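Next come the chains, spelled out residue by residue.
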Amino acid sequence: MDFAASLKLIAPELLMSVSGLVLLLVSAWVGDKASRAISVAAAVVLGACFFLVAPAVCSGASGPDTLAFGGQFSADAFAGLAKLMIFAAGGAALVIAPAFFERFNAMRAEYPVLILFAVLGMSIMVSARDLITLYIGLELNSLAAYVLAAFLRTDDRSAEAGLKYFVLGALASGILLFGMSLTYGFTGTTSFEGIRVALNGEMAMGALFGLIFMLAGLAFKISAVPFHMWTPDVYEGAPTPVTAFFASAPKVAALALTMRVTLEAFGAQDDAWRQIVIFAAIASIVIGALGAIGQSNLKRLLAYSSINNVGFILIGLAAGTPAGASAMLVYLAIYVAMTVGGFVAVLMLKDENGNSVEAIADIAGLSRTRPALAFCLMLVMFSLAGIPPLFGFWGKFVVFQAAVNAGFVALAAIGIAASVIGAFYYIKVVKVMYFDEPADVVKGESDWAHWALLAISALAISPLGYLLTPWLGNLADKAAAVLFLGV
Amino acid sequence: MIQVLAFYLFAALTIASATLVIMARNPVHSVLWLIVAFFNAAGLMVLVGAEFIAMLLVIVYVGAVAVLFLFVVMMLDIDFAELRAGFVKNFPLGMLIAVVLAAELVLGIGAYRAGSLELGTPDGSAAPLLGKSNIESIGALLYTKYLFLFESAGIILLVAMIGAIVLTHRERKGTRPQIISKQVRRRPEDATVNVKPEVGQGVQL
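From first to last, the protein sequence lines stand for chains W and L. Be aware that the first sequence starts at 46, since it is given in my numbering, and climbs by one per residue. Be aware that the second sequence starts at -19, since it is given in my numbering, and climbs by one per residue.
I should point out that these hints are in silico values taken from the structure, not numbers from a laboratory. Remember, it's a predicted structure, so these values are computed and weren't measured experimentally. Just so you know, not all the hints are guaranteed correct.
To be verified - Footprint (simulated), chain W over chain L, 3 or more residues, beta carbon under 8 Å: (1) 36 to 48; (2) 109 to 122.
Claimed, not checked - FRET-style restraints, in silico, Cβ to Cβ: (3) 148/L <-> 89/W: 25 to 33 Å; (4) 449/W <-> 134/L: 46 to 54 Å; (5) 75/W <-> 184/L: 55 to 63 Å; (6) 110/W <-> 106/L: 18 to 26 Å.
Note that CB positions come from ideal geometry on N, CA and C, so glycine has one too.
Produce the entire structure from the sequences given, and follow the hints as far as they go.
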């Protein structure tokens, strides 16, 4: 493989790393005064990367021309589509952060730099076609994420979230590495292509153990049950802009990585991982729905909601067909819009001193004091619940359709039944906002950037989003087809 | 012959110093014995022709890990005598764990010898260069095939460093750092005054 061609394929990653290094120098030189300027610059870089990646997604790039560095890195349409979502979510995390941190006098110039490096790690993750690339990308993202979770040093909950995330994340990385070393030992190669070839036919017991350990490590990163325990604590403790980031971009990256590992590397052994994925999907949906019922904190509620959504996305993976993979990508795109919208709305809930309001009881009667905000939050909640006119329904619909077409009727039925349980707590939030006596706590104002982001995500998940379905479905189909080339 | 002698020398010294690590009364001595054990293990690695791992042992374990241990031992006020108390009480548990580990070793080696373990065949993409030392082979791989991953690993280390600084560095108010240019610019007339105190009076500043 020509070296120059490889460099051209990793252009977005090169741009991110070089500008990350430059911005780091600027932040060391100028100090925290420049935080806002550096945030803007980092957002511009992410925007530029977005347009660098977009052509590959639109043309459905695949095949040997997209492989860089001897097949370790792939800039194909699948990676591209995941990257578009990651860049968008990363950009949102940059936009909403300064106003939040400045309230605590804690905005530091390293925040945008860390976000940039986390996004770089995620973009390496989704392009991984080799176990080592997978691990490098995952660790780059995770290390930046541990620091971001503890970014609000004066807040004990933030420090606790960072420590918990770090200890459990390190354990999960260890499990993943153990699985990778077993896989390497029993297949003799680290490349996904080679693993697929080596595993054609009978699967050795050791390779099966490797697969199980790798899936356990990845399940931690996507917070699928039974590796979800850290999610509510970390999401509650981390600063809200960071939580918005955690719930959107790393989820996309880790799920895309799980798809690559299961469908590409272990694609020849789908019976081996299907039962694990089915269990994780059902358990995530049920525990995500039941766990959320007792929550009184909005961030914890959204954490359980993200566990629940991961379960629905895994149903598409259990189908194991191109349609299932495409449905997962469509769901992920809608999920990112819903999550960003939800967390931006939570960020905009402030009392008169500008402190965050996170308790569900405090947003009682929000529709009378803040009709616009309450309406957007209602849209997000209904969309997360999957209630028909909203776009969230479409994601669930395509996933269930893929599962039924692949012959998993029972799985789809359980998923639909559990989504009814889940609807209860989403609608409870709407009921508290619209029918309870106003608590009159939310009084703070938000700047235009928050409103703009909220409006964009509300528009995307509104029924208008259905205009996007042919286009989004087409892109997702082309991207998902990349994963099935080797079959 | 000399290799066999060297092997038994290094092996015996490794085991002896490892025993002394856990037997030494003074924790600083324990760490020093650990360093001796690392050096002898490095010697063993050179004997089997893995000079890169031998270098890693010396550079990473002696140079960084052991020094870190020394720091911890010296800086933290840990009562090692208390930690070591209850040796007799915990002895059966320790023996049990040792037996389990030994049984695992025997089982593992037995299974491997019996040939019931079918490992994958390496794809040959990372085969060592003919007639080159393994340091050259590793370098050739790291800077060609794995260049991208090698550089990305560098960014991971950078992020770890940024993280440590972000989480611990605090701007302190009221510190008086040395400003060398200011010191150099200062002239004698700025710093000294010539006064002529009256007889029986103190100096008024």
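_Broken hints, by number_ = 1, 2 and 5
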